[in-house]
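Using our numbering, the first residue of the sequence shown is number 1, and each one after it goes up by one.
Possibly wrong hints are sitting among the right ones.
[As the list claims (entries may be wrong)] Okay, derived cross-link-like pairs now, DSBU-like style, lysine-lysine, Cα gap no bigger than 35 angstroms in a straight line:
1) LYS159 x LYS294
2) LYS167 x LYS216
3) LYS195 x LYS216
4) LYS167 x LYS195
5) LYS159 x LYS195
6) LYS159 x LYS216
7) LYS167 x LYS294
Note that these hints are calculated values from the structure, not bench results. Because the structure is a prediction, the values reported are computed rather than measured.
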Amino acid sequence: MSVDIVAGRSAEGVGGAVVQPSRRRRWRIPRTLAWAAVTPFAAWAVARVAGLERDSLTTQLMTGTPYVAAASLVPVLLSALTRNRAATAVALVTTAALGLSVLPRAFRSGDPVTGTPLRVLTLNTLFGHAEPDAVMDLVRRLNPDVLSTQELTPGMVEKLEAAGLGKVMPYQVLEPEWSAGGSGLYARYPLTPRKNLFEAIGHNMPAASMTVPGAKPVEIVDVHPFPPLGRQVYDWTAALDALPSAAPDTIRILAGDFNASLDHAAMRRFLDRGYLDAADSAGEGLTPTWPVNKRVPPLITIDHVVADQRVGVNAVSVHTVPGTDHRAVFADLRLPPP
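Generate the whole structure from the sequences, applying the supplied hints.
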């Protein structure tokens, strides 16, 4: 009986009722939010892997795949916090698919190779506004055997000649224009124009054969299709499809402003016809080339040196030239023996 009285007093001492400590409510992320975050990234991964871009907008957006791949880690974390297993699984597969599409470009494939050197430099001169002295400085430092130029105007031809390019690279196949359509090849070795090698859809795309001592015959193609803007996206696709495939009896090098990244299905189809992207092989495939000399930093990689798969890639570097919105791409290649 005394025990009951004590217990009763104890209860009255706290107001006559048993008080339980309050529990803090845990803040939970809605499970639907995980799906909302995962879905657009999953759709992007499907479009990238399957090559589903078709119109101008989706084609331009696809160049942002490296940034989307990095951002895809956010849905993984978010879905994990919601404990939504299904969303987490989709997010992980999405990140893996995008990562496998992008990350290999940051790593060199194979060791440096031996063979006959062929150094290739390509530069879009932006309607001939690139500073000729800066171009010559780059030529003297890098010592290229071939210079592929785009948006080459007659005025730019005169400026480069006055700066001394003709003395260093005396062999030329030029198709200049007072617009974005001009292009031209400069070389240290004799060039023979190659007519009707392919249908050039877009800007001028001169091609030439070149004899390099100690190597098989080499063909050089200056590439510059229209950008995939508006209805020009169809001409852009047709231009990449029209580029010549690799040939068994000739080593072919294509260099220029492709207006395409490795995340474009049309570019990948072209490479699958016997080519490799030099920057990708050298672990520089994620180095952006456009735009430059602007308020925004370079964002996308659309300038390339592409070579026959039998060609070795020793090194690739990217260089800024004043006066143009494209960076120059330099590839130190190694040709197979004849």
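Going through the hints against the structure:
Between LYS159 and LYS294 the CA atoms are separated by roughly 23 angstroms; this keeps the pair inside 35 angstroms, and the hint holds. Our distance criterion of 35 angstroms between C-alpha atoms is met by LYS167 and LYS216, whose separation comes to about 26 angstroms. The straight-line distance between the Cα atoms of LYS195 and LYS216 is roughly 20 angstroms, inside the 35 angstroms bound, and the hint therefore holds. For the hint linking LYS167 to LYS195, the alpha-carbon distance of about 26 angstroms falls within 35 angstroms, and the restraint holds.
With a C-alpha separation of about 27 angstroms, the suggested pairing of LYS159 with LYS195 holds against the 35 angstroms cut-off. Only pairs whose Cα atoms come within 35 angstroms are accepted, and LYS159 paired with LYS216 is accepted, the gap being roughly 33 angstroms. Among the hinted pairs, LYS167 with LYS294 is consistent with the structure: their alpha-carbon atoms are about 32 angstroms apart, no more than 35 angstroms.
Checked against the numbered hints above, the structure violates none of them.
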